Amino acid sequence: MTAELVRGQNHPLPDTRLEITVSAGHPVVAGAALGDERGKVPGVEWVAHPVAPSLPGVDVPRQAAADQRLAVDLAAVPDAVHRVSVLLALPVGTGGPASFGRAAAPYVAVTGSDGTEIASYTITGLDSESAVVALELYRRQGAWKVRAMGQGYEGGLAALLGDQGLERPADLAASILETERARHTPAAPVQPPAPVQPPVPVQPPAPEPAPAVPHSAPATPGTGGPISYTHPRRRAAAPEPAPAPAPAASTAQAPQGPSVPVAGDAAGWSMDERLYNQVWGMFEDLARTAAAYRSACDFAESRLDRELDETLSDYRSRVGGANDAARSAARARHDELVERAQEVLDRDLAQLAVESEVVEPALPPAYARWDNPVWHAYRPPAEEPMAVRLGDLHLPERTELRIPMLVRLPMERGLWVDSGRGRSEAAGLLDETELKRLALDSAVAHTARLLAVHPPGGFVVHVVDAAGAGAAALAPLVDTGVLAAPPARGAAGVSAVLEQLTERVDLLQMALRNGAVDALPPGLDAARQLLIVHDFPHGFDDRAVTRLRYLADEGPGVGVHLLMVADRADAAAYGPVLDPLWRSLLRLTPVPDDHLADPWVGHAWSYEPPLLPPGSRILRQVLAQVADARPAKRS
Amino acid sequence: MTVNMTKGQAISLEKQGGGSLSQVRMGLGWQAAPRRGLFGKRTQEIDLDASAVLFADKQPVDVVFFRHLVSDDGSVKHTGDNLVGGAGQGGDDEAILVDLQRVPVHIDTIVFTVNSFTGQTFQEVQNAFCRIVDETNGQELARYTLDGGGNYTAQIMAKVHRVGSGWQMTALGNPANGRTFQDLMPAILPHL
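Residue numbers (this note's numbering), protein chains in the order written: chain A, 1 to 635; chain B, 1 to 192.
If you're looking for bench data, these hints aren't it; they were derived computationally from the structure.
Computed from a prediction, not measured in an experiment: that's the story for all the values here.
Be aware that a few hints might be false.
[Claimed, not checked] In silico lysine to aspartate or glutamate, EDC-like type, Cα no more than 20 Å apart, as pairs: (1) LYS145/A x GLU37/A; (2) LYS77/B x GLU45/B; (3) LYS77/B x GLU19/A; (4) LYS58/B x ASP36/A; (5) LYS58/B x GLU37/A; (6) LYS145/A x ASP79/A; (7) LYS58/B x GLU307/A; (8) LYS145/A x ASP15/A; (9) LYS58/B x ASP598/A; (10) LYS58/B x GLU301/A; (11) LYS77/B x ASP92/B; (12) LYS145/A x GLU117/A; (13) LYS58/B x ASP59/A; (14) LYS145/A x ASP305/A; (15) LYS77/B x GLU124/B; (16) LYS58/B x GLU140/B; (17) LYS77/B x GLU284/A; (18) LYS145/A x ASP309/A; (19) LYS145/A x ASP59/A; (20) LYS58/B x ASP15/A.
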């Protein structure tokens, strides 16, 4: 089973012949540094890099690429080597990203000789660093283990190599990066220069005097300080006995605060689940923190009212200044309490904001905003994620602190993108056609995301658009060919699609109830189905409406989901018959609106629909990839 | 330092070393009624409940008990209702955790109570106790033995209140009667 590591975590290696794969989504230079028992790299000949790619037991790729493979045979490395650090650096001057923070988080996996993945690690939390120690393989009591490092260097490869204990690290770093740049320059297809000197298995040099400063030994990973896995929620669980003395690590970065949140710092079997739980933890923390603040303010307010009333009812104090004094004292008490509440709120929100900054870039596509670089490195997934992001949630106390709104998959309820005005202020400012267009646009964005996060062929989308009014907005779906069939037009088209899906639901339900799943016709695909209904109730007769209600009720249990883009007022003619339908759907809005409540305290949260960055072509790019990856249709 | 108290005894506690408390747990344990005969289900089960009432300026603003397991602000948590009791070996069958650092600023007193929901008096309950533990080091701050404690169905156990910037605990151990914390309100108020 693959262990998904978080930073600082280690894992035993059952095998000495390993393959380490790196996928970064953009070209990176990969290398490996061999360290002695003190963790020091004695000289340049102990570093495997594209210019000198082979050392005993270690082979690294000869050039920068988005996907790298390193072969390691730990049985063959010299006995003096106690540590193998896997390094990644961004090539300079090749048009790629200048720092890891600007691109998708690199993913590193360790695979055994039989091809099973032993451990993997997504290097999250990088920002302006352009070089990083990704993993470290180290000897511990005769056995080898792997540790997720994620130690980034703002100073780039030179700083990284310097930290490994190399003398004159800048020269080596320059030679590696210069070679890479020269190779990249299209004008002159230079042959990679022959290795300066065939690397020889070196004997460890004579023991030097102990280094004055301990180098970044395994015990001191992190960005300049000890990694803290403290979660804000658990902050007070055990006050640390004393702040651990900061290690004298000569790392290239400025030391950060004592409690640096880490992405994926929650319980779970996979990184997916950890991040999901972490986001929910943040959601709950924010709800609770806001509740504490609001109840303190409410209390201060009511106490002030009561005390002011008392001063008025006291006849004796009306004469003289006693009354005024009592009133100002009451106000001061109120202000003092509110101020203390505000302090606590600010403290908690600051903590959550820091966590959000770390977590947001680390999110996989299913949870990420559309402007997250992870979408540019999008590849169709092999399995369905736990949840999908339908938008952002925030509270008025700190509107810029956004919590991803994650909804578990498979969805238990259908979705309804409300194209009506409702009571929302933002919707009131837009004219009706614009609002309808926005509603369909956000429905298309939700659909694209659902398509993208399901494995190829695992999600089939049908569209009903009776009058063809949504053709323009639906174009990204139609043009890229991700739909099962062109949008259904007219009453006949509507009833045909509904009939097909109703039959499917009937069939699957029958099979499930009778435990006869293997009796299903062989041609039936196992994919989940999504029906987008635009322009409801146009083109719907009574029979079609009944079928739609049936799908909304019974569909989710057998993987048939509904996405309505509708204004409830348009269907007012049906009267209360449709109320259960609307109630059963999760209402989303195309403009920010506060209609969602959290499950703990019941605050009204402002929902913000997912926005595509203006002018971005990411949606079409992703959809095109989805279409390409789809298994060929059975004829 | 375990303070073994009899009912009615009140004592102010401060964390050893002069620091103030940051996290406390109220634990409640009792022994399940023994099973009888063929229809063991008909044994009268004993259900004791632990509750915490949060006061701001002598007004109750929130309460954590078996129907509201977490205070709105998340600082006080009940681990869940136990309807029958445990082995009577000294383990907590119900617990309430209080994270004093996260208690909202206006709340100045938290009162812990124990009620017998099924109506047995403490005389009839075997091996019942309640205690307050400093969660940061597992140290017991106060312990009451409830069984044989007289013809009462409830106890107002202790209060934790703000002193300056920190918190202090006062053990109350005041016997009372009532099914849930609501019945105890008149008895709690004099202790604030």
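We went through each hint and held it up to the structure:
Between LYS145/A and GLU37/A the CA atoms are separated by roughly 14 Å; this keeps the pair inside 20 Å, and the hint holds. For the hint pairing LYS77/B with GLU45/B, the CA-to-CA distance comes to about 25 Å; that exceeds 20 Å, so the pair is violated. Restraint check: the Cα-Cα separation between LYS77/B and GLU19/A comes to about 47 Å, which exceeds 20 Å; the hinted pair is violated. Our distance criterion of 20 Å between C-alpha atoms is broken by LYS58/B and ASP36/A, whose separation comes to about 66 Å.
A distance of roughly 64 Å separates the Cα atoms of LYS58/B and GLU37/A; the hinted pair therefore is violated under the 20 Å criterion. Simply put, LYS145/A and ASP79/A have alpha-carbon atoms about 15 Å apart, close enough for the 20 Å limit, and the pair holds. Under the criterion of a C-alpha separation no larger than 20 Å, the hint pairing LYS58/B with GLU307/A is consistent with the structure, at around 14 Å. Proximity of LYS145/A to ASP15/A is assessed by CA-CA distance (about 10 Å); at most 20 Å being required, the pair is judged to hold.
For the proposed pair LYS58/B and ASP598/A, the alpha carbon gap of about 30 Å is over 20 Å, so the pair is violated. Only pairs whose Cα atoms come within 20 Å are accepted, and LYS58/B paired with GLU301/A is accepted, the gap being roughly 16 Å. Restraint check for LYS77/B and ASP92/B: the C-alpha separation of about 15 Å stays at or below 20 Å, so the hint holds. Of the pairs offered as hints, the one joining LYS145/A and GLU117/A holds, with about 14 Å between alpha carbons and a cut-off of 20 Å not exceeded.
Taken as a hint, the LYS58/B and ASP59/A pair is broken in the structure, with Cα atoms around 72 Å apart against an allowance of 20 Å. Restraint check for LYS145/A and ASP305/A: the C-alpha separation of about 65 Å exceeds 20 Å, so the hint is violated. Taken as a hint, the LYS77/B and GLU124/B pair is broken in the structure, with Cα atoms around 28 Å apart against an allowance of 20 Å. Between LYS58/B and GLU140/B, the direct Cα distance comes to roughly 27 Å. Violation of the 20 Å bound is thereby established for this hinted pair.
Taking the CA atoms of LYS77/B and GLU284/A, the gap is near 14 Å; set against the 20 Å cutoff, the hint holds. Straight-line distance between C-alpha atoms of LYS145/A and ASP309/A comes to about 71 Å, which puts the hinted pair past the 20 Å bound. The straight-line distance between the Cα atoms of LYS145/A and ASP59/A is roughly 19 Å, inside the 20 Å bound, and the hint therefore holds. Using a Cα cut-off of 20 Å, the hinted pair LYS58/B and ASP15/A is violated, with the two alpha carbons roughly 66 Å apart.
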